[in-house]
Amino acid sequence: MKITVNAKPHEVSASTLDGALIELGLISPALATALNGAFVSRAKRVETVLTDGDRIEVLAPMQGG
Amino acid sequence: MEFYGTALASRLFLGTAQYPSPKVLCEAIEASGTEVITVSLRRETSDGAGTGFWQMLRQTGRRILPNTAGCHTVQEAVTTAQMARELFETDWIKLEVIGHADSLQPDVFALVEAARILSDDGFKVFPYTTEDLVVGEHLLQAGCEVLMPWGAPIGSGQGLRNSDGLRAMRAHFPNTPLVVDAGIGRPSDAAAAMELGLDAVLLNTAVAKAGDPIAMARAMAQAVIAGQTGYQAEPMPRRDMAVPSTPVLGLAELI
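Protein chains in written order, with numbering that gives the first Met the number 0: chain A, 0 to 64; chain B, 0 to 254.
Worth double-checking, as some hints may not be accurate.
Distance windows between CB atoms, simulated [stated by the list, open to error]: (1) Met-0(A) with Arg-41(B): 51 to 59 Å; (2) Asp-211(B) with Val-48(A): 49 to 57 Å; (3) Ser-27(A) with Pro-19(B): 39 to 47 Å; (4) Gly-69(B) with Lys-7(A): 16 to 24 Å; (5) Glu-10(A) with Ala-8(B): 17 to 25 Å; (6) Glu-85(B) with Ser-12(A): 49 to 57 Å; (7) Met-0(B) with Lys-1(A): 47 to 55 Å.
In short, the hints are calculated from the structure, not lab data.
We put the CB at the ideal spot given by N, CA and C, even for glycine.
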């Protein structure tokens, strides 16, 4: 399945958001996710099914003003 | 003064961006005496830098105020706030919805809409706004209990461009915590904001980009205290003409 993660194209075999993150090595506990512009909580990732062309944002803490 | 039920001894909120090093950031936080530090969210990088940064911030023991910096739409801001709440484990959010790329002026229409959505969802919203009183009213109606008017455009260091507007805001919202957010460049700007009766100052670049950020953090803390104390001490009224401070009674005639 082809998905976009943080604006970069990826091919994954996982069918869920949780699985895709593991497959891509995004396993830090300090991550927050959104699917196609909508927030997906940590608890919901395992049951969030991906479809071809999905856009995923994976954000981490960063300096800010 | 309480901010969403939380009493803060320090009236200086400090941003965490643009410091020369993590060590200087931590020392500046310490020197500022701040109890609230602002942070943001960005795309995770392969080196996992965000995780290390977050662990470092937690060790400071300060309250975290995440922002929605860089968001230009209601949906972006709301989604970012939801992500921040989970990541930073706080319902405080500094809500920024930017409307103009050059001035980074807030889009106050989108700001009010996002503030309503987030307040209804249980967030404690700190909205980055202008000194417009009508917008302030709408933000309060949307559920905000704090207003954060700009002093000048973000990162400009121009100080308070509209002191009269901020003074009017203080008068119009006597019981709402007001935080000057953005535009502070020098300690005198921070003191001036507090002398107007505002309740706190939020700044970042003025400290981070100073030649000595740690000394500047200390100076800002002192300025905030000086301005706040000066406001509480009720400054004398301005006069158009000179009035001698030394008594003229008993003045010798020596001509």
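Any hints this thing doesn't respect? Which numbers, in order?
Of the numbered hints, 1, 3, 5 and 6 do not hold.
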